[in-house]
Structure formats: C-alpha cells, structure tokens
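Going line by line, the protein sequences match chains A and B. Just so we're aligned: the first sequence equals residues 110 to 481 in the working numbering. Just so we're aligned: the second sequence equals residues 3 to 374 in the working numbering.
Treat the hints as calculated values from the structure; they're not laboratory data. There's no promise every hint is true.
Keeping only pairs whose Cα atoms sit at most 30 Å apart, straight-line, the calculated DSSO-like set for lysine-lysine is [what the hints assert, rightly or not]:
| # | chain 1 | residue 1 | chain 2 | residue 2 |
| --- | --- | --- | --- | --- |
| 1 | B | 63 | B | 128 |
| 2 | A | 450 | A | 207 |
| 3 | B | 128 | A | 413 |
| 4 | B | 128 | A | 450 |
| 5 | B | 63 | A | 320 |
Take a look at the letters that make up each chain.
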Amino acid sequence: MARRSVARSLLNNLLSMKLEPCSRLTASRSVTYMPRPGDGAPRPVTLIPGDGIGPLVTEAVEQVMTAMHAPVYFEKYDIHGDMKQVPQEVIDSIRKNKVCLKGGLKTPVGGGVSSLNVQLRKELDLYASLVHCSNLPGLPTRHDNVDIVVIRENTEGEYSGLEHEVVPGVVESLKVITKFCSERVAQYAFEYAYLNNRKKVTAVHKANIMKLADGLFLESCREVAMRYPGIKYNEIIVDNCCMQLVSKPEQFDVMVTPNLYGNLVANTAAGIAGGTGFMPGGNVGAGHAIFEQGASAGNVGNEKLLDQKKANPVALLFSSAMMLRHLQFPSFADRLETAVKRVISEGKYRTKDLGGQNTTQEVVDAIIAALD
Amino acid sequence: MASRIIRRVAGSGARCILASPAKSPSSSLPAPGRDFSSQTPITATLFPGDEIGPEIAESVKQVFKAAEIPIKWEEHYIGTEIDPRTQSCLTWESLESVRCNRVGLKGPMATPIGKGHRSLNLTMRKELNLYANVRPCYSLPGYKTRYDNVNLVTIRENTEGEYSGLEHQVVRGVVESLKIITRSASLRVAEYAFHYAKANGRERVSAIHKANIMQKTDGLFLECCREVAEKYPEIKYEEVIIDNCCMMLVKNPTLFDVLVMPNLYGDIISDLCAGLIRGLGLTPSCNIGEGGIALAEAVHGSAPDIAGKNMANPTALLLSSVMMLRHLNLNEKANQIQNAIIGTIADGKYRTADLGGSSSTTEFTNAICDNL
Numbered sequence: 110m111a112r113r114s115v116a117r118s119l120l121n122n123l124l125s126m127k128l129e130p131c132s133r134l135t136a137s138r139s140v141t142y143m144p145r146p147g148d149g150a151p152r153p154v155t156l157i158p159g160d161g162i163g164p165l166v167t168e169a170v171e172q173v174m175t176a177m178h179a180p181v182y183f184e185k186y187d188i189h190g191d192m193k194q195v196p197q198e199v200i201d202s203i204r205k206n207k208v209c210l211k212g213g214l215k216t217p218v219g220g221g222v223s224s225l226n227v228q229l230r231k232e233l234d235l236y237a238s239l240v241h242c243s244n245l246p247g248l249p250t251r252h253d254n255v256d257i258v259v260i261r262e263n264t265e266g267e268y269s270g271l272e273h274e275v276v277p278g279v280v281e282s283l284k285v286i287t288k289f290c291s292e293r294v295a296q297y298a299f300e301y302a303y304l305n306n307r308k309k310v311t312a313v314h315k316a317n318i319m320k321l322a323d324g325l326f327l328e329s330c331r332e333v334a335m336r337y338p339g340i341k342y343n344e345i346i347v348d349n350c351c352m353q354l355v356s357k358p359e360q361f362d363v364m365v366t367p368n369l370y371g372n373l374v375a376n377t378a379a380g381i382a383g384g385t386g387f388m389p390g391g392n393v394g395a396g397h398a399i400f401e402q403g404a405s406a407g408n409v410g411n412e413k414l415l416d417q418k419k420a421n422p423v424a425l426l427f428s429s430a431m432m433l434r435h436l437q438f439p440s441f442a443d444r445l446e447t448a449v450k451r452v453i454s455e456g457k458y459r460t461k462d463l464g465g466q467n468t469t470q471e472v473v474d475a476i477i478a479a480l481d
Numbered sequence: 003m004a005s006r007i008i009r010r011v012a013g014s015g016a017r018c019i020l021a022s023p024a025k026s027p028s029s030s031l032p033a034p035g036r037d038f039s040s041q042t043p044i045t046a047t048l049f050p051g052d053e054i055g056p057e058i059a060e061s062v063k064q065v066f067k068a069a070e071i072p073i074k075w076e077e078h079y080i081g082t083e084i085d086p087r088t089q090s091c092l093t094w095e096s097l098e099s100v101r102c103n104r105v106g107l108k109g110p111m112a113t114p115i116g117k118g119h120r121s122l123n124l125t126m127r128k129e130l131n132l133y134a135n136v137r138p139c140y141s142l143p144g145y146k147t148r149y150d151n152v153n154l155v156t157i158r159e160n161t162e163g164e165y166s167g168l169e170h171q172v173v174r175g176v177v178e179s180l181k182i183i184t185r186s187a188s189l190r191v192a193e194y195a196f197h198y199a200k201a202n203g204r205e206r207v208s209a210i211h212k213a214n215i216m217q218k219t220d221g222l223f224l225e226c227c228r229e230v231a232e233k234y235p236e237i238k239y240e241e242v243i244i245d246n247c248c249m250m251l252v253k254n255p256t257l258f259d260v261l262v263m264p265n266l267y268g269d270i271i272s273d274l275c276a277g278l279i280r281g282l283g284l285t286p287s288c289n290i291g292e293g294g295i296a297l298a299e300a301v302h303g304s305a306p307d308i309a310g311k312n313m314a315n316p317t318a319l320l321l322s323s324v325m326m327l328r329h330l331n332l333n334e335k336a337n338q339i340q341n342a343i344i345g346t347i348a349d350g351k352y353r354t355a356d357l358g359g360s361s362s363t364t365e366f367t368n369a370i371c372d373n374l
C-alpha cells in the first residue's frame, strides 16, 4: 500500500514537472564546430560609424567585441550621408576585407545627392538585402508568432535613379526589372530558405497592374521555385500582403520582393515584431557583405536621442552576430545573441523605444555583464 | 423651384459632357454650398454590383428610407456584352448617369476575366476622371481589434504615378515601367486633401513620399503639397518617408490624421490601414472626380460564397453612403446614420458573421433602422 502511494506520488511528480529547456543549453550551447587550422587569426572588418546614432551604436559593438575577445578587428572609416560619393579608400577596404559593419548613412531628401547607401550597394553589387523580423521574449508587441525574413532585391527596380523632367511639370521615373537580377535574388531567397530550414517562400508583387515588370519578377521566382521542390512557394499582391501582415503575420516565413515593396514590407514587418531598433539585417553580394541595422525606417535617429545617448544598440548587435556567423565564428555569435536576449527578457535595462530611460552605455554594460 | 434645380443640374451635366479633359485644378473642388431643401430629392446613381451586391444595396435603400433621406436612386447594372463606346461591360448610359447626377454609390463588382475589354474600375476611373480616393479608417467602438483609437484618412492620387500602365520590354529579359508624376495631378489631389481636412475638422495633413531616393518624381509631388499647404496655414503639414510611415502605422496609428500620397503608396497604405481596423468589410471609400463628382464604393470583393444567403455585412456600403451624404453636405443625416451603425455594432447584439455574430443581413439592417 505504502509502496503504491509512493510510486503514485513519484508518478504525479514526474507528470506535473514542467519540461523546461535545460538552462545550461540556452545559456551556452555546446557548438561542435571543427575549425580549420588558422581560423582563429583575427579578421579585419571595415567599420563605418555613419550619421546620427550610428557612431553610438557602432561603439557599442566595438565594446562588446572587445569584451568577448572576438577574433575581429575594425578598420574605421568616417563617412557621412551628405558626401557626394563614397570615398574610394572605403570601397577598396571593403573589397579587401569582404565584410563591413555599418551604422546608418542619412540620405537627404530631394536634394540632388544620390543616397550613399544605394551607392555602396550598387558599387559592390550587393544584390540581396535581408531583414530578420521576429518576436523577442521580453519585447511587448501586438502580434505573436512573428518570424519573417524579408529578402529584397537591392540594385534595380524603382531605385534605378533614372528620372527626368519631360516638360516642366511632368516628371518620369523609370522602374527597371531584369530577368538577371530577379533570378539571382530569387535564387538567394530559396538558398537561404534551404540552408536555414525554412519552409515557405512568398513572392510579393503587383503584377495585376504592372504586368510586364512584376510579371517578369514572378516568372523568375517561379523558375527558381521549381528547383527547390521541398520548399513551398506562393505569391501575394503587395497591398494584400501589408493587410495580412497586420492581421495574420504568422502565415509568412521567407518573403522575396523587388526593391520598393521590400522596403515597405521590411519596415512593416519590423514594426509588428517590436520595432526597427531590434531587427538585424544585412546586404549581401557574390563577394562582399555589409551588415547593418535591418530596417531603419529611412532615418538615423533624431537629435534628442543623440544628445541623451539613448539609442538602441540591439539591432546592430544582432547584425554583428550575423556577421560573426558569416565569418564562421558561430560560438561567439551564439554567446553575443544569448547575452542580448537575456538582457531584453529581463527588462531591467531598456532604451527609449521600449519606454525605458537607460542610455546606450548602460545597456551595453548590462550585455557585457551577461556574457559568459 | 424644382424645375430651376433640374435645369441647373441638367445644364451642368451638359457642360460636363462638352468639357475638355484637362481642367485647371481650381475647378476640381466639390461644389460648395449645395443646399438642397429636404423636399427636393437628389438623384443618385446606384450600381448594386454582383453577388452580395444587390443584398447590401437593399440594406442601404432600406436605411435611407427609414432615415427619410431625400435621395432617389437610379439603378444601373453591368451589362453582359461589351459596349463599344466604353470598351467594357459598363454601358455609356451608366456613365452618363453618374456624370449628370454627380453622385453615385457602387457595390462590389467582379471583374470578368477575359481579353478585349478594360477592367470596370479602370473604365470608371478614366471616364469619370476620378482623381482622388478617400478612405477613412476608424476603429469601431465595441469591436475590439489589436489597434485601438485608429482615426485616420488616407487620400490617394488615383490617376497617374506607378499605375500609368506604361511598360515595355526593352530587350529580352529587361522591362521598363514608367512612373509619371505631373504637377497638375499632384496639385489637384493636394488641394482636395487640404479641403477635406478643413471641411471635416482635421488638424494635420501628412504627405507620404520617398523623395530621398526618387528625387524628381516624389520631389515634385512634395513641392505641390507644400504650395497648397501655404494656402491653409491653420492646418499642420508634415512630410513622412514611406518606410517610416509604415513602421509608425503598425506601432502607433494614432500618430496620423490625414495622409495624402501618390498612387502606389496610397494603394499599399490604404490597405494596410484597412488591415489595422480588421478588414475591408468595414472600410468605406469614396472616389472624387473632376467637377465635384463623388462615387462612393465598397472596396471589398463580391464574396460569391455567401451570395444569396442573407449573410453579407452591409457596413462598408452603408458607411460609404454616409461619405456620399457628407459630400452632398447633408451632414445631419450622415451623422444620424453613422451613429446608428456604430451604436448597433457597439451593442453587440446584432452582428453579422464576419464580425463574429450570427445575425443575417436583414436583422442587422433592421437593428440599424431601429437605432436611428
């Protein structure tokens, strides 16, 4: 009788025990990564602090990298958004190092200076821009189950910069879509999905109106989709897409879009997942990669944020973790991400966009303390 | 008295047939001070539309009769054959009727798929020169969505921009699509936006653009908005970049009041806003044309799966008819009906299936009539 009751109470204990993931696993995942001899040599990375909050957040990254003793060292170049063009030495440095980390570069409105961000992308042929928008524990949002990666064509489309005034008062702007660029960005999207175990790729378009242009984009996506039968593919019109994003974001996984729609969709997705201050991203091409805050909503932070030094460094820190993985240092990337996620979920140190009052430096110190 | 009004209306109708298509912006403001006494009925064109169209049109007629609104409906249906004068299934008589009556209400129309004719929406837009699409989005009290206190209006330029339909294939695999912005169209829609803001007691107009990248085209649009803004010093004017706007809309839609934008951005943003208040089934819309023509329409689809089952939600068409009444300066009646609709939904006793209730169309309509 006693034995049965002991057994039953043991059984009850077992059944009522909540299966929690082993905290040791989430804190420091044991990485079985066999490096090649010499992989530990420090790698140079071009660093562009940029404008606005850029210098503040890139400094945060530098501090964390030093604290982790990560095998990267930064070659800093000071350029600003109002320069006419990107200095040749910066381009040469990125060509040599292959990897760059960048704060935002402010693009002046209407002024006649073409955006430096766009120049960098075109010069280095960084044809795909990636933004990863996902819910973070500790980050209050109206939407749950958001885990969307937006891959956006980065070189053509509406951003060709080919405009002219036909007669006074009538202006034309050319949107150029080519099979070559559409195909390579679709290929990148499916390859990304395949390598990251993603299940679905959605192409965003407006081909019911722009039949030839977006029609060509869709054609290219469909051709690539046939080469990946294991990944589901569907298409959605861009206005319906935005409406679905705000009502049912869980239906989206990886999204591939032309240039302009990608900008809108990425910023919308970043907004529903918690804000542009938290979403990492980068631009990638055949030979080079530039990592930066994923969706910047077209601004580099306002004056007050700068004066009070309360900018949010999380997005750039996550991007630098992506950069570390790109450089094949997964263990450092994991440690960085875990520390940042721990600080966010604890919620003790919060910057202005989370409703808190902490400065960037305080958040960085908390993250460094959380590193193991 | 009645004969004088009929002569005036017929005269303006004759004038508009002979009028040239390119009008100066100043004549495009809706006719102010149309003061019809409650006895003289105003004729309005009604397109019930397809599938659920006739059912919800019946609801509108019933509510208008119960509220004793002096409107006489002139019903027109889409033909089954293509009218060569309009190159679509919409007959010339229907279009003439809208031109003469100056106001119309349109239900959902299923565009028949096929070649050799223009889409119905495109036909109406081009023939009636409907240059602005106005969509107010406000949270319905009592119907809880993720976003509360949404109260904004999107005004979208409807004739040019990216939807000019001018595309061509340069060589195989390279497509160009033209985006056209003209001074006259931008001034026209900006004028309407500020006029609407003033007439409806709105405090702020925001112009949405991407002029940092598309400097000449969106730059011209902004220039026109600024010019018009100077004429309305009591209304605050600001400019917001489109990606920032998307992000702010999903984080905090209460920041916006009236939004005015070119065609493509307007399409995307107005659908995004409809998503914020949970769908196109509740969103009213009104198209403004040259010479003060107003064609209110329900933007949702024709829902063939619930056609004939008395399950359709007439709210969108009813709220659109309210917009039509406001255009005619019948503001008291408009408020009466609007309050009745909001009250019925807030009560929660009678709600159609898409709002989570189980009432039929007729029950819902009767409840609104009772609430008048």
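Taking the hints in turn, this is what the structure says about them:
no.: 1; hint: 63/B - 128/B; result: 28 Å, holds
no.: 2; hint: 450/A - 207/A; result: 28 Å, holds
no.: 3; hint: 128/B - 413/A; result: 48 Å, violated
no.: 4; hint: 128/B - 450/A; result: 54 Å, violated
no.: 5; hint: 63/B - 320/A; result: 39 Å, violated
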